[in-house]
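> Protein chains in written order, with this note's numbering: chain L, 1 to 149; chain C, 1 to 149; chain A, 1 to 149; chain R, 1 to 149; chain X, 1 to 149; chain G, 1 to 149; chain H, 1 to 149; chain W, 1 to 149.
Note that these hints are calculated values from the structure, not bench results.
Backbone N, C-alpha and C define an ideal beta-carbon position, used for all residues, glycine too.
Mixed in with the good hints, there may be bad ones.
One side of the interface only, derived from the structure: several residues of chain G facing chain R at Cβ under 8 angstroms [what the hints assert, rightly or not]:
(1) Pro106
(2) Ala130
(3) Gln135
There are 8 protein chains.
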Amino acid sequence: MSWNVYLSGEIHTDWREKIIAGAATLGLEMEFSSANTDHASSDSAGDHLGEENNSFWRDHKSAKLNAIRIKTLIQQADIAIIRFGDKYKQWNAAFDAGYCAANDIPYVTLHDESIIHPLKEVDASAMAWAQSPEQVVEILRYVSAGPKP
Amino acid sequence: MSWNVYLSGEIHTDWREKIIAGAATLGLEMEFSSANTDHASSDSAGDHLGEENNSFWRDHKSAKLNAIRIKTLIQQADIAIIRFGDKYKQWNAAFDAGYCAANDIPYVTLHDESIIHPLKEVDASAMAWAQSPEQVVEILRYVSAGPKP
Amino acid sequence: MSWNVYLSGEIHTDWREKIIAGAATLGLEMEFSSANTDHASSDSAGDHLGEENNSFWRDHKSAKLNAIRIKTLIQQADIAIIRFGDKYKQWNAAFDAGYCAANDIPYVTLHDESIIHPLKEVDASAMAWAQSPEQVVEILRYVSAGPKP
Amino acid sequence: MSWNVYLSGEIHTDWREKIIAGAATLGLEMEFSSANTDHASSDSAGDHLGEENNSFWRDHKSAKLNAIRIKTLIQQADIAIIRFGDKYKQWNAAFDAGYCAANDIPYVTLHDESIIHPLKEVDASAMAWAQSPEQVVEILRYVSAGPKP
Amino acid sequence: MSWNVYLSGEIHTDWREKIIAGAATLGLEMEFSSANTDHASSDSAGDHLGEENNSFWRDHKSAKLNAIRIKTLIQQADIAIIRFGDKYKQWNAAFDAGYCAANDIPYVTLHDESIIHPLKEVDASAMAWAQSPEQVVEILRYVSAGPKP
Amino acid sequence: MSWNVYLSGEIHTDWREKIIAGAATLGLEMEFSSANTDHASSDSAGDHLGEENNSFWRDHKSAKLNAIRIKTLIQQADIAIIRFGDKYKQWNAAFDAGYCAANDIPYVTLHDESIIHPLKEVDASAMAWAQSPEQVVEILRYVSAGPKP
Amino acid sequence: MSWNVYLSGEIHTDWREKIIAGAATLGLEMEFSSANTDHASSDSAGDHLGEENNSFWRDHKSAKLNAIRIKTLIQQADIAIIRFGDKYKQWNAAFDAGYCAANDIPYVTLHDESIIHPLKEVDASAMAWAQSPEQVVEILRYVSAGPKP
Amino acid sequence: MSWNVYLSGEIHTDWREKIIAGAATLGLEMEFSSANTDHASSDSAGDHLGEENNSFWRDHKSAKLNAIRIKTLIQQADIAIIRFGDKYKQWNAAFDAGYCAANDIPYVTLHDESIIHPLKEVDASAMAWAQSPEQVVEILRYVSAGPKP
Chain L
1 MSWNVYLSGE IHTDWREKII AGAATLGLEM EFSSANTDHA SSDSAGDHLG EENNSFWRDH
61 KSAKLNAIRI KTLIQQADIA IIRFGDKYKQ WNAAFDAGYC AANDIPYVTL HDESIIHPLK
121 EVDASAMAWA QSPEQVVEIL RYVSAGPKP
Chain C
1 MSWNVYLSGE IHTDWREKII AGAATLGLEM EFSSANTDHA SSDSAGDHLG EENNSFWRDH
61 KSAKLNAIRI KTLIQQADIA IIRFGDKYKQ WNAAFDAGYC AANDIPYVTL HDESIIHPLK
121 EVDASAMAWA QSPEQVVEIL RYVSAGPKP
Chain A
1 MSWNVYLSGE IHTDWREKII AGAATLGLEM EFSSANTDHA SSDSAGDHLG EENNSFWRDH
61 KSAKLNAIRI KTLIQQADIA IIRFGDKYKQ WNAAFDAGYC AANDIPYVTL HDESIIHPLK
121 EVDASAMAWA QSPEQVVEIL RYVSAGPKP
Chain R
1 MSWNVYLSGE IHTDWREKII AGAATLGLEM EFSSANTDHA SSDSAGDHLG EENNSFWRDH
61 KSAKLNAIRI KTLIQQADIA IIRFGDKYKQ WNAAFDAGYC AANDIPYVTL HDESIIHPLK
121 EVDASAMAWA QSPEQVVEIL RYVSAGPKP
Chain X
1 MSWNVYLSGE IHTDWREKII AGAATLGLEM EFSSANTDHA SSDSAGDHLG EENNSFWRDH
61 KSAKLNAIRI KTLIQQADIA IIRFGDKYKQ WNAAFDAGYC AANDIPYVTL HDESIIHPLK
121 EVDASAMAWA QSPEQVVEIL RYVSAGPKP
Chain G
1 MSWNVYLSGE IHTDWREKII AGAATLGLEM EFSSANTDHA SSDSAGDHLG EENNSFWRDH
61 KSAKLNAIRI KTLIQQADIA IIRFGDKYKQ WNAAFDAGYC AANDIPYVTL HDESIIHPLK
121 EVDASAMAWA QSPEQVVEIL RYVSAGPKP
Chain H
1 MSWNVYLSGE IHTDWREKII AGAATLGLEM EFSSANTDHA SSDSAGDHLG EENNSFWRDH
61 KSAKLNAIRI KTLIQQADIA IIRFGDKYKQ WNAAFDAGYC AANDIPYVTL HDESIIHPLK
121 EVDASAMAWA QSPEQVVEIL RYVSAGPKP
Chain W
1 MSWNVYLSGE IHTDWREKII AGAATLGLEM EFSSANTDHA SSDSAGDHLG EENNSFWRDH
61 KSAKLNAIRI KTLIQQADIA IIRFGDKYKQ WNAAFDAGYC AANDIPYVTL HDESIIHPLK
121 EVDASAMAWA QSPEQVVEIL RYVSAGPKP
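Make the full structure from the sequences, and use the hints.
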């Protein structure tokens, strides 16, 4: 089987690229997906449906369009990697984790030791905690590889 | 019917008490529930199961015991109120929102205008956004009241 | 057992009252519920959350608050009665019928012979078609009564 | 992934063709499906199973055969577009919307500003409201496209 | 807990009464339910909704009203007893067995040795096969009783 | 899409072959499946697992092996055709109908007019009643064909 | 709310009694349930349905009757305690753990340190590992108690 | 269709190889999967995520990584074969059986006559009990083969 891997969270470092490249190097049979990771285009996703004076509704329209993509891809994922950086609120990443937990989709968190405590509820439902993209790649290799020949 | 209302999120202000008191004043037939909101006792919930040198595992044990309570109560809730304050990461509140969304449990967010943007994904799946406990009480009154006599 | 009966649709005639009174006369053990049937208060349900210039968003906020009530009550219903009058679009009633069908909640339609054709898809998933509140009461009596003594 | 898009509703204008052509122009990887949109053949779908004197049962037989197709295709859809025109009852379109909502299939409505108010319950569960086929095509492009390269 | 027991099948002997009486004698905390077991009233259940010339549609209307009752009660049952006599087709009893199997509701069959072979598929999904109402009562006593004091 | 069609019931006439041939003639994109329709081999399916003195257990072992096949194929079916002949008990066919109903898999019955009454509960949950394989083929063609070009 | 607690596993020590007594002492609002813990009566549960020469079928009949009770009670449980002693195979306890995991029912294991390694898969899906009935009682108190007053 | 077969349990004999070879010889269209069957690499699966002093947590991390693989593969399986040898606790195999039962995935047990009694609960939910890999291959051939030509 080919594994579907959803990559959720932080968009300011190249962790996605590192995981995808690492999996490619190992020849893992995997398909990766993500939300739109371009901040500006994500925020303006709904603008073509009509201008809004109220920033709440502008955000609302864009966030709902993004949600179509996100929920569809998460529901098709065999595993999700959820990344928390050291800046910003990143409530969408924690939301995705709760969504995965309730849908029985296993997820692995990727974050530094410094934020263990505020992430303890998110980690409590995770299948593993990784600190580097390399560790995530090794997890993906391990769970997708069959028994040793 | 009596409505089960789950109150998730911030523990540093008295928003829970205000909502519960407001509902009582109106005589609403509701049962409120929450996670353990005492910070210290929540963090040490698992300590009686044995000491841990590693803070990750100490947090892990406590968070899992808290999760038994939280998930059970959310699954029994007819509606959840999810509160975000202006401080701290509050990833557990966003996690609860995602968990509600996936379980088809309607939720209302309660937060200030200043954090609309980082909460846009959480608000996109919410049934309403309130800015005060009084508005939440009015929502609870409205949804639970039958047609006007 | 006591049956939960959800009454959906038209709000301009007294069909709800007739059904409830008929069931009471027969002493049926039933609890009836409905959306807010007061048109003006239903339309303004969300106004207390802040004014909207845009009528779409005003409607949106109120409709979502109404949806909390409607979906919760439908999911608890053992049976729904869905009424179509001869005026107005009544798309919410047809929406409720589709929602019941997908949730495997049996429903009975209540409408005149004149609108059989446009309602054929809604009737195709119904358990019965009634033309009068009296027929609905007889259906409720029949399905809730145990075997003849 | 290839997206399955279900097109529900009005059959008197060429909105389906415009969306399909627009998606083809952009090279979107999508499969579109619909109910039988030929009115006469849809109404007579069940006639070969035996004549009916009673128009209710004639409609019933045809509507149930149509329902086999409709429900199967909706359940396989990743997204539905639900179109309301300015004429006719179109209760089947609202029924499909309720069916999608209960099955957690995201849908986008396509209708004019003039019918916002009667559609408020249908729009309240939608992920977006579009006013033109071009906007729908842009939505489909956006949700199905991966992160910018 | 009180157990809900659904009694499905044959209506020409007093097996229901024997089970109910046996459970009462033992003081078991159980609530029994059934379809309408009065043959004539069951067949005419839908007649009050309008006369039918076609016997298929007369049966159809009555069977659908009966189905409201049957499916609701089966879904609430903790256990079903499904009885096959030595006469008649009794396809409704086998239908109920398949419905229970798919809903993960345990059922016990009650029938003579002479019809083991034609019932082998129905028995294959049953939790037990009983040959007398007395055996059924003993089963109900056993599964509902707590550990010996 | 290709449709999966499960053919359940009577094994003494060539109705399966007629439907499969009819679909092939029309070039329908369909995959047909069935239980093992060879009576002797079906009855002896479990014999290789060890001899049984007791005919109940011999039947039980074979029926459970057949059930692995039947339930797997029904769960993958988009539609089932359930055939009742004029002889034998055929409780397995009625069981399959109940199983389909509970799994929300649409089914069409195929039987003569003479057995309408005993099949009324099975027909009440069916999407159509056909009296000939030719009618079934027409149904399959209709539901699987897209809108007229 | 009152919590339903299912107690699974070892029957040779008084761990059940200790937990029940401990909860009573604290006045916890809980209802405890178990399989039949009387070994001889559990093994002979099906004997009244007819003698078996073959020990496999004797065990089979009794185990299925026990399963009616066990699965019904587990599905109603809010939490399960699963106890492994130092003797016997106890495969039924591990089976119950897998059944809880798949049904999203949180469970706590109760076992000595000496069997950590063979139980690692069972513990991996558990919410906590306890080594004494006293620890289990403290867990039950903690998860069922509301926020500190 | 191609069948997905999950092979769970004992890792010290070549039963997996025998089944896979037997299926290949018969040309069965099947895909087999397993947990990591290499004992040492399975136990150390989580070591790359950081060293643990506590053996419970070392086991925990590895078991959770294994669980990602196991649960994903079981959920995709059409049938599982669950093997119990004559040594070791093998609680993971019984756990998998309970997990299959709750997920409605049919399974066949493979074990000697000597352990019938302790496995009676596991066998009670199985679709068959086999004593040799050859019998399993015959079961796989039978359930996957279509009706005799």
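> Taking the least C-beta to C-beta distance, is G/Gln135 closer than 8 angstroms to chain R?
holds, 6 angstroms
> When the nearest CB of chain R is found for G/Ala130, is that gap smaller than 8 angstroms?
Holds: closest Cβ of chain R sits about 6 angstroms from G/Ala130, inside 8 angstroms.
> Would the hint on G/Pro106 be counted as holding, given a Cβ-Cβ threshold of 8 angstroms to chain R?
G/Pro106 check passes; min Cβ-Cβ to chain R is 5 angstroms, inside 8 angstroms.
The structure meets every hint from the earlier list without exception.
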